[in-house]
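Q: Now for the letters of each chain:
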Amino acid sequence: MTLHPMIAALRKHKAGVVLIALQIALTLAIVCNAVFIIGQRVQRVNRPTGLDESNLMLVTQQWVGAPSGDQPGDVDKLDSLQQADLAALRNMPDVASVVPINSLPLLNSSWNGSAALKPGTDLRGGNARTTYYFGDEHMLKTLGVKLVAGRAFTAADVQHRGFRDQGEPPIAIVTQALADKLFPQGAVGKVMYLDGSGTPTTIIGVVQRLQVPGTGSWTNGFVWNATLEPVRLNANFSRYAIRTKPGRLQAVMKAVTPVLYGVNPMRVLDDDSVKSFADIRAEAYRADVGMAVLMGVVCLILIGVTAAGIVGLTSFWVGQRHRQIGVRRALGARKVDILHYFQTENLLIAGIGAVIGVLLAIGLNLWLMHHYEMDRLPVLYVIAGVAAVLVLGQAAVFAPARRASNVPPVVATRSV
Amino acid sequence: MFGYYLQLAWRSLGRNRVLTTLMVLALALGIGACITTLTVLRLLSGDPLPGRSAQLYYPQVDPYPKDGYVPGQSKPQENLTWVDANNLFEAHRAPRQALVALGSAKIQPHDAGGRPFFGDAVMATAEFLPMVGAPFRYGSAWSADDDTAGARVVVIADFLNQKLFGGANSVGRTVRLNGNDFRVVGVLGHFSPQPRFYAINIGRSYGDGDGVFLPLRAARATEMAPTNISCWAAGDIEHLETAPCMWLGLWVELPDAAAVANYQRFLDGYVREQVAQGRFHRTDTALPDLMQWLRNEQVVPDDARLQAGLAFGFLLICVTNTIGLLLAKCLRRSREIGVRRALGATRGAIFGQFMVEAAIVGLAGGLLGLVFAEAGLWGIRHQPAEYASLARLDLSMFAFTFVVALASALVAGLLPAWRACVVAPAPQLKSS
Numbered sequence: 001m002t003l004h005p006m007i008a009a010l011r012k013h014k015a016g017v018v019l020i021a022l023q024i025a026l027t028l029a030i031v032c033n034a035v036f037i038i039g040q041r042v043q044r045v046n047r048p049t050g051l052d053e054s055n056l057m058l059v060t061q062q063w064v065g066a067p068s069g070d071q072p073g074d075v076d077k078l079d080s081l082q083q084a085d086l087a088a089l090r091n092m093p094d095v096a097s098v099v100p101i102n103s104l105p106l107l108n109s110s111w112n113g114s115a116a117l118k119p120g121t122d123l124r125g126g127n128a129r130t131t132y133y134f135g136d137e138h139m140l141k142t143l144g145v146k147l148v149a150g151r152a153f154t155a156a157d158v159q160h161r162g163f164r165d166q167g168e169p170p171i172a173i174v175t176q177a178l179a180d181k182l183f184p185q186g187a188v189g190k191v192m193y194l195d196g197s198g199t200p201t202t203i204i205g206v207v208q209r210l211q212v213p214g215t216g217s218w219t220n221g222f223v224w225n226a227t228l229e230p231v232r233l234n235a236n237f238s239r240y241a242i243r244t245k246p247g248r249l250q251a252v253m254k255a256v257t258p259v260l261y262g263v264n265p266m267r268v269l270d271d272d273s274v275k276s277f278a279d280i281r282a283e284a285y286r287a288d289v290g291m292a293v294l295m296g297v298v299c300l301i302l303i304g305v306t307a308a309g310i311v312g313l314t315s316f317w318v319g320q321r322h323r324q325i326g327v328r329r330a331l332g333a334r335k336v337d338i339l340h341y342f343q344t345e346n347l348l349i350a351g352i353g354a355v356i357g358v359l360l361a362i363g364l365n366l367w368l369m370h371h372y373e374m375d376r377l378p379v380l381y382v383i384a385g386v387a388a389v390l391v392l393g394q395a396a397v398f399a400p401a402r403r404a405s406n407v408p409p410v411v412a413t414r415s416v
Numbered sequence: 001m002f003g004y005y006l007q008l009a010w011r012s013l014g015r016n017r018v019l020t021t022l023m024v025l026a027l028a029l030g031i032g033a034c035i036t037t038l039t040v041l042r043l044l045s046g047d048p049l050p051g052r053s054a055q056l057y058y059p060q061v062d063p064y065p066k067d068g069y070v071p072g073q074s075k076p077q078e079n080l081t082w083v084d085a086n087n088l089f090e091a092h093r094a095p096r097q098a099l100v101a102l103g104s105a106k107i108q109p110h111d112a113g114g115r116p117f118f119g120d121a122v123m124a125t126a127e128f129l130p131m132v133g134a135p136f137r138y139g140s141a142w143s144a145d146d147d148t149a150g151a152r153v154v155v156i157a158d159f160l161n162q163k164l165f166g167g168a169n170s171v172g173r174t175v176r177l178n179g180n181d182f183r184v185v186g187v188l189g190h191f192s193p194q195p196r197f198y199a200i201n202i203g204r205s206y207g208d209g210d211g212v213f214l215p216l217r218a219a220r221a222t223e224m225a226p227t228n229i230s231c232w233a234a235g236d237i238e239h240l241e242t243a244p245c246m247w248l249g250l251w252v253e254l255p256d257a258a259a260v261a262n263y264q265r266f267l268d269g270y271v272r273e274q275v276a277q278g279r280f281h282r283t284d285t286a287l288p289d290l291m292q293w294l295r296n297e298q299v300v301p302d303d304a305r306l307q308a309g310l311a312f313g314f315l316l317i318c319v320t321n322t323i324g325l326l327l328a329k330c331l332r333r334s335r336e337i338g339v340r341r342a343l344g345a346t347r348g349a350i351f352g353q354f355m356v357e358a359a360i361v362g363l364a365g366g367l368l369g370l371v372f373a374e375a376g377l378w379g380i381r382h383q384p385a386e387y388a389s390l391a392r393l394d395l396s397m398f399a400f401t402f403v404v405a406l407a408s409a410l411v412a413g414l415l416p417a418w419r420a421c422v423v424a425p426a427p428q429l430k431s432s
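Chains R and P, in that order, are what the protein sequence lines are. Mapping to full-length UniProt numbering: the first sequence position 325 is 325, numbers consecutive. Mapping to full-length UniProt numbering: the second sequence position 159 is 159, numbers consecutive.
One thing to keep in mind: the hints can contain errors.
Dumping the calculated DSSO-like pairs for lysine-lysine here, alpha-carbon to alpha-carbon at most 27 Å [unchecked claim]:
hint	chain 1	residue 1	chain 2	residue 2
1	R	146	R	181
2	R	12	P	430
3	R	275	R	141
4	P	66	R	118
5	R	254	R	141
6	R	118	R	190
7	R	146	R	190
8	P	430	R	14
9	R	12	R	275
10	R	141	R	181
11	R	254	P	163
12	R	146	R	275
13	R	181	R	118
14	R	118	R	141
15	P	163	R	275
Only part of the chain P face toward chain R is listed, based on derived beta-carbon distances under 7 Å [what the hints assert, rightly or not]:
hint	residue
16	19
17	26
18	29
19	116
20	118
21	138
22	179
23	181
24	313
25	318
26	319
27	321
28	323
29	327
30	406
What the hints contain is simulated information worked out from the structure, not anything from laboratory work. From the three backbone atoms N, C-alpha and C, an ideal C-beta is built for every residue, glycine too.
Go ahead and model the full structure; you've got the sequences and the hints to work with.
A: Below, the structure is given as structure tokens:
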């Protein structure tokens, strides 16, 4: 089949051709970028935190009328309040283990600093940024993080200090990512200096993976860099991560508030205070999931609208060329030739649309990169997008083209 | 004549129901998506204090050290240190001015069984509430003397008054905040500027108003800590009044351009003086008004703007689609047009007829789009976002929906109507 008569025919329908091509181009540009955004969000949401997330929950509470931490002896008073809470929580029948902790991955409340190989390197000159998790000897077990080298904390390692007191611990555990950055030849037993201090901190263990609490783009440079310190922080508030026995999460979540009020009623414990890790995850990624769903729905509707547009215009053309089709059939064209004619015609228009669409998609991507936090659109997405619109065009044109191929040759003999 | 066009259009649309439904549906989806995202965008980028925002300015300076300074790129800091805030405040170069910082209060109910709970607290100076036009139900704001004396007085929000005192006039009674008694001097009526312009760099830009408003010095004396502290050097954040930390905002009321220019001169002079004294190393200042400050802080989330952009792209495709379908429809009726032209209809009449048809599609699309927009906003209200409950279609957006719908449909109808009216009658008649 030669393209010449087809192009000549399309010249008669310039407006229609331009409209379909334009629609396909716009659809390709928007859908390509939208799918790319969806992909990025999904990737972000699916990255594992390093925790064993099931049966894990967090309690955040504040004492009322507790010492401020400024007076001598305040820290010990605060510590005894915390110890009382811990004892009560560990006594609960469905609780497997509990750790007092300053934050959890995805909680968006973090304490960050830097780790350096030399003492006295200031904040900005550190060798790696890191987040800090402070907890006692139950930390690894409660969080479910995997120790890959060295040892875990023991009760003898654990110190306690005021929330605002400066001071670096003699030992710490780091994540594999941070260990590789600082000591590619193995980190256990090596010495680092935290936050520009002159006090050495010896790495006693390495955990496989643990994400930072922040989920904003500002953490992109150090998402997997965490330092675990064997320190119970004492302040007028506290957080407890609780690992429940399998399947007992809901029961513990219900029971924990009365237990803590039983220990000491002078505290703030509201609806937001008790959260399962699933809640924390959902909250952290709510915007990402919402955006992905919205983009997905819009893409589907867009594709539907474009397909409907192609069906509509092609049907009209088939109706308009009823007679010509009859003439071609009478002159010996087979049904399949008519079918192919409309299919090729659509391929041609969709191809033009796709070429414009690729340019638009790249332009849109560049614009988005300039105005928003966005990466470069991978070529694979563009190729997949082009293939998708061509298939979409073929699928949409099939029904009208079939109808055209069923036009009987006798139509040629009738005056319309 | 118009009635006749309506009748013709109605018949023509009825003749090809599938195509008509498709056009209306596509247009409605595009319009629904646009109105939903625009409503959210308008909500997020709205004026928190209509009528007052143009007179409120936010002075900014930069106490950072010299290193890291890039001329033309480094921006003045978001907040002020205690020292700078007080120096600027004490100079009294504006008719009204107020220092403000956000904090959090543990509120203890008086009844024995009540559990303590958290409330957002605003630490401010006396003129803050009158300056932003907060309405009082009972009592009034505290005085400048209360500020200097560090008086333990408080203004509470209506919802807190409801919760603590059952909505009664609570002026003169006490509220226990962070373990200290504060005497209520005023109860606000509904006061909830959106976005909460005085609290935007801490991620709580929208949503319910603040519970308690109390004098800055008294709040600090009871160790209420500001929510947003940023320090450029190691310092003791227990003693924020001397630490190299920024945590205060200063709002000044400047009634006209001359006052703004005066204040800008004063601010520049202040910074030069500080540089001369060796306290400052950077001379950049800024004095944005309220709306400019919101734009600088990019208070509208990127996702909301991206969604609105997506919705407009979507509408563009829907309009293209409608053009195509209308074109197909009207070209199919070439013969009918030929007959009408032969019987004396002018080109203008044919053009008008097809535009009326497009307008009907637009109105139907707008009506259905309104339903989609309401459904979309309903969905957003059921999201747990902080601004969710505010997402409602107001009267102007309601009207705007129809303007957008009609405009899109008429734009879509232009090309088909033009093509219809240039149809030459003779060939159409001959071929039959």
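Q: Under the constraints set out in the numbered hints, which ones does this structure not fulfil?
A: Failing hints, ascending: 9, 14, 21, 23, 26 and 30.
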